[in-house]
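Chain by chain, the residues:
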Amino acid sequence: MILLYSSPEALLIQLKSWTVSLAPAAWQPVLSSAISALVILLLFAGIFALTTLVERKGLGRIQNRPGPNRVGPCGLFQPIADGVKSLIKEDIVPAAADRAVHFLAPLVVLAPAALALALIPLGPGLAAVDMDAGLLCFFAVGTASELGAFMAGWASHNKYTILGAMRAIAQMISFELPLVLSTLTVVMLSGTLSLSSIAQQQGSYWFGLPAWNVFTPWGLAGFIIFLIAATAESNRSPFDLPEGESELIGGFMTEYSGFKYAVFFMGEYFGMFAISGLTITLFLGGWNAPFSFLVWIPSFIWFLIKLGLMLAWFIWVRGTLPRVRVDQLMNFCWKMLLPLSLLNILAAIFWHFTASWQFPGAWGLRWAIGFGMIALPFIGISQSGARQKKWGPRIYRYAD
Amino acid sequence: MLGSGIIKGLLETARNFFGSFRQPERLVTIEYPEQQRTVPENNRSFPFLVFDRNDPVKGLRCVSCKICEKECPPQCIYIETEKDSRGKPIKHPKVFDIDISVCMSCQICVEVCPFDSIKMDQTYELSQFSRYDALILHKIDLAKSNEYYHQIKPTEAGLVDEQLAAEREAQIAKAKAAAAIKVAPATASPTPKPPSPAPPAKTEVPA
Amino acid sequence: MVDFASANEPVVSPLEMPTGFHFTPSSEGTVGEGLLEVSMGPQHPSTHGVFRMDLVLDGETVVRLKPVFGYLHRNHEKIAETITYLASIPYTDRLDYFCSLTNNWAYVLAVEKLAGITPPERAEYIRVIAAELTRLQNHACMMGFLTQDLGAMGTPLMYAFREREKILDLVEALTGARMMCNYFRFGGCRTDLPAGWLEQTRQVVAHFPHFLDEFESLLITNEILMARTQGVGVLPRELAINASATGPVLRGSGVDYDLRKVDHYGIYDRFEFRVPLGDHGDCYDRFMIRLLEMRESIKILNAALKDVPEGPVMDPKIKIRNFKPKSGEAYGRIEGPKGELGFYLISDGSTNPYRYRIRPPSLINLTALEDMCIGQKIADVVVILGSIDIVLGEVDR
Amino acid sequence: MSAVFIFLAGLLLASSLAAVMFRRLVYTALSLAVAFASLAALYLHLGAEFAGFAQVMVYVGAVAILIVFALLLTRNAGSDPEHPGHGGSWITGAAIAVLVFGCLAFNIVTSSACARPMPNPPSITTRQIGESLMTRYVLPLEVLGLLLTAAALGAATLALEDKRKS
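These protein sequence lines are chains A, B, C and D, in that order. At position 90 of the first sequence the residue is numbered 665 (my numbering), and the sequence of numbers has no breaks. At position 70 of the second sequence the residue is numbered 61 (my numbering), and the sequence of numbers has no breaks. At position 296 of the third sequence the residue is numbered 1608 (my numbering), and the sequence of numbers has no breaks. At position 125 of the fourth sequence the residue is numbered 126 (my numbering), and the sequence of numbers has no breaks.
Worth double-checking, as some hints may not be accurate.
[To be verified] Computed spacing ranges between beta-carbons, pair by pair:
1) A/P641 / B/I131: 34 to 44 Å
2) D/L18 / A/I872: 47 to 57 Å
3) A/Q963 / B/S118: 52 to 62 Å
4) A/S608 / D/E143: 34 to 44 Å
[To be verified] So the derived list for chain C, only partly shown, Cβ under 8 Å to chain A, looks like this:
5) L1347
6) H1356
7) P1357
8) V1380
9) L1384
10) N1387
11) E1389
12) G1466
13) I1536
14) A1691
[To be verified] 30 Å max Cα-Cα, derived BS3-like pairs, lysine-lysine:
15) B/K(-1) / B/K57
16) C/K1636 / C/K1618
17) C/K1636 / B/K135
18) C/K1378 / B/K57
19) C/K1689 / C/K1425
20) A/K964 / C/K1636
21) B/K61 / C/K1631
22) B/K49 / B/K135
23) A/K664 / A/K632
24) C/K1631 / B/K165
25) A/K964 / C/K1629
26) C/K1629 / B/K57
27) B/K74 / B/K61
28) A/K964 / B/K(-1)
29) B/K(-1) / C/K1631
30) C/K1611 / B/K(-1)
31) A/K965 / B/K(-1)
32) B/K165 / C/K1629
33) C/K1689 / B/K61
34) C/K1425 / C/K1378
No lab work stands behind these hints: they were computed from the structure. Bear in mind the structure is a predicted one, so any value in this text is a computation, not a measurement. All residues carry an ideal CB built from backbone N, CA and C; glycine is no exception.
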C-alpha cells in the first residue's frame, strides 16, 4: 500500500481504506462503518470535553471570574474530573419513576444527535455518511430527540419534569418550521439535498472573496433565522426554557443525576455541534477557506475553526441574555420567524431570477432589493409587536 | 429596532470578557489557599483571652466576673471561677469555654468586658472534623498573649494599653491615698475594697 | 404521572375583598379539572431561600398562589424580649442579612426614641454613609438576582457582586465584619472611622457610576428583559397602598413615599436627593426605580463624605452595661433598601424590652404577591418574586 | 431474506404487537414510535432513502410526537387503566386482522407481478422524485396542498372559537 500524497483529506481517506483493506472482505463494510463511527464519536467527544471547559472558562471571563483553574494546568483536566465525578455519583432513580423509560431517555436523546453528527462533512469526502438526501436525514433523525425529552419528563414522575417536557416538545416542534424553511432557500438555489455538494458549491472565489451563501441577502437572513432557530432547537440560552433552571429547576432533567445526567448533557452538546456543523455547511461555506490565499490550510481545520467560532457565539450569547418566556417564545417563532423565513424564500427566488442582470451596479441593486424584502418586514413586525405590547424604554419622573 | 439592546448587551459582555484579562480591577477573585486576603484591622472572627507576662495561666486578665457570660446574646460562654484551698472564690477563671459553633462573632463580650481581657481574633481557618468537641475552645486554646493582640490590632491594642496604664496609675495613686488615710486613724478597720474596674495591680504590661 | 387532583369541584373563585385583595381559602382538595398543583419551594433554586408557593396552574398560567413561609423562623422577637437591649443588635443583623447596617439603624433609632438619646453629629454622618452604602449594594445585588431569575446565567449578578465586594471591604474595614456588622449603638456608633476610610470610600463611590453605566447598557434596553418584565406583575397604585407595600415596590407603583423625606430621620434633610417614581407598577418599574435610586444614593454619599465633622462617635453618657430606658414605648422606622423597616419597643424600665416587634418590609411587600401573580406564567412568578426583593431572614424572623 | 430484513421485520412486528397489547398508554405510544422507526428502517434497507426519511419525519417526528403531546395533556395516562379495554372484543379484532392479512397475502402471492422475474431496482434519487413531483404529479400535489391548507385553517378556526368562548 502506497500513500499517494495529494492533499491532507485524501491522505486521511487513503489511510482509512488501507486499514479497511487489511480485514477479510466480508467484514470490510462493517469495519469501514465502525472506523467512521469511532472517529466521529472520538472527535466530537473530545470537542465536547473541550467545550465544557472552554464554556465554563469563557463564561467565567465574561462574568469577571477566572473560571475552573484547579485541576491540571489552567484547569485543563477539569472535564476529566467532571467525567469521573459524574461516573462515581449515585444514580438516583425516583421511587415512583418508570425505571425502564427513565433509563432509556438519555440514550434516546444522545443517539440521534450522534447520528446527525455523522452527516456533517468535515472536508471533501470527509463525511461519515455522505448521502443524497443528507439534509432530509439530518432533520429526520433530529426529531427523535423530542421523544427523548418526553420520555425523560414523563418517566421521572414529577410535575416540573412534565412541564419541562411539554415545553421542550412544543418548542422543538415550533422551531423546526423556521429551521427547515430557512434551509429551503439553500436547497432551492443549490438544487441538492446532499450536504457535501452544498458545501462544494460554495467553494469558488470572487476576486479572492468567498462565495458563501451568507454573503447573499437571502443567505444572510436565512443564516440569522437559522441561527436563532438552531439556538432554540438545541435548547441553548436564551431559549433554554425546557431546562429553565430558575422556574423549572432542571426541566425534564430534574430527576437525573450522575452519569445519566452527563449523557443528557452530552446529547445536548452533540446536538449543538451537529446544528452548528449544519449552519457552517449551509451558510458559512462548509469546509472552504474564507480567502483564496488561505486554501493551503486543510479543509477540516477550517471546519473546526468555524465550529469553534459558532460555539464561541453560543457561549457568548449564553453569558449575556436572559431567558424568554414560553408564550413569547411561541409568538416569536410563529409571528416573526415563520413569516420572515417565508419571505426569505421569496427573496431567494428573486435572487435566482435576477441572476441574469448584467448592467453595472446590478449586484448591488439585487442585494439591496433582496435584503429590503426581509429587513423592512422585520422592522415592521418588530415595531408593531412592541407597540402592541407597549414594550420599550421608559422615562421616569421624580417626586417634587 | 428589535435587537439593538441585545447587541449592546453583547458588546458589554465582550468588553468584560477582554477586560478581565487586561484589567486586574475587573478580576477581583482571590485564589484562596495560595493567596491570603489581608484583613483590615477591625476584622473580627472569634474571641480570645488576653494574657500578660508570658504566662497563659496566671497572666490572664480575666477575673471571672461573668459579665460576658451574662451579656452574650447566644449564650456561648461558660465560666467557672477558681477557688482557693479554703473554697473561697479567687479572681481567676477555672473554666472558660467558648462554643464557637454557637458564637456569632458579635463582639458584645469585648464591649462589655471591664477588664479588657477578652478581644476578637482574626483567624478564620477554623474547620474541624468534629461538630462537637473540636469546636469548643477551652481556656488554654483561648489564651493569647498581649503581643499577639498588638500584632493583629496595633491601633486598638495601643489604646487599650494606654488606658490600662492610666487606670493602674490611678489605682496606685488611690492606694497610696488609702494608705495615707489608713495610717492616720488609729481605729483602722479593714476598708472594703472598692469594686474597682481595674485589673489586679500587680499586672505589668510588657513593653 | 401527573398528579392532577382527582376532585371535580370547580375552582373556588377568588373572593373579592373590599380592598381588592385576592383571598384564597385553604386549597386542599379544591383543585379543578385539568389544573396542576405545584409546590414551588422550599427547595427551589429561585425562591430566594426557604420560601414556598403553592401554585395552581392551568397549563403554565397561574390560577392561584399561596405563599407559605416560616421555614426560617428563629424566634427573634421572643428572644429579644429575654435579652438586653444591647444584645439584640447582633440579632437584627440576621434579619435582612444583606443590609445589616440599616437593620441596626432602625433598631437603635427605636431605642434612642425610647430613651431620649441624640447621637453625636459625626455618628449621624457615619450612619448615613453606611446606610447608603448598604442601599447601593443591596439594590445592585437585587437587580443581579432578578436577572438571574430571568435566566441570565448570573452575568449581571457577578458584576453586582464584583461591586458589592468593594463595598463589603469598606464595611469590613469599618465594622469588622462583612455582613453581620453589629455596628450602630444607641447613642452613636461602636467605633470611630478607621484611618483612611473616608478616602477609600470616596474612591469606591466615585467608581460606582461606571458600574451603573455598564449595568444599564447591559440590561435596561435589552429586548428580552423588557419583554419579560414590562407589563408583568402589575401592582396598581391603590392595591400597593392597601397592601401597605413600602420601598421601591410602592414607589414603582407611583406613590411618592420615602421615609427619608417623610420622616426626616437622621440627617437626611441636609442632603439633596430625588425620589424616582414608576408609572406602571410592573417588574420593569421596580427594577428601574432601584437603578435610579442608586444614582440618588451616590449623590447623598458624595455630599455626606464631603463634610463628615470631627468629634466623638458615641454619646459618652450612654451606659453600655445595665442599660435601662425608662418605661414607655417607641417605634423607630427607617427607609431600608427594601422598604419601611420598623421596630416597635415597649420598655417596662428593666434591662430587657417588654415587647419587641419588627415591621419587616420583605414580609409586608409579599402581601400582594398573589394579586401580582394571578394570570401570569409560572416563569413570571419567580420574576415577580425577585422584583419584590425579599430576604427570608426578614420574612420569617 | 437478509439478516437485517429479518431483524427489522421482527422489530416491526414486535413493536406493533406491543403497541396493541400494552395497557399503559405511554408504552403503546412509545412502541408505536418504534414501529414507525423500524418501518422507516425497512424502507432504507430497500434503498428508498426519501421514503424512509419522510417516514421518520412525518410519523416519528410529527405523528408520534403529537400522540405523546396529547398524552402529556391527558389525565392518568401513566397509571394502569381501571377498566381493561380488551374485554371480549379482542377476538373480533384479531379475526378481522387475520382476514385482512389473509386477503392481502393471497392477492399478493397470486398476482401476476410476483410471477414475473424481478427487474433490477431503478436507482431513484431524491432529485428525480422532486422533479416528477413538480412536473408529472404537480396537480395531485397542489390538490393535496390545498386540502392540507384547508385542514390547517379549519383547525385554527376551531381553536380560535374555543379561545373566544373561554
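Hint numbers not upheld by this structure, sorted from lowest to highest = 5, 8, 9, 10, 11, 15, 16, 17, 18, 19, 20, 25, 29, 33 and 34
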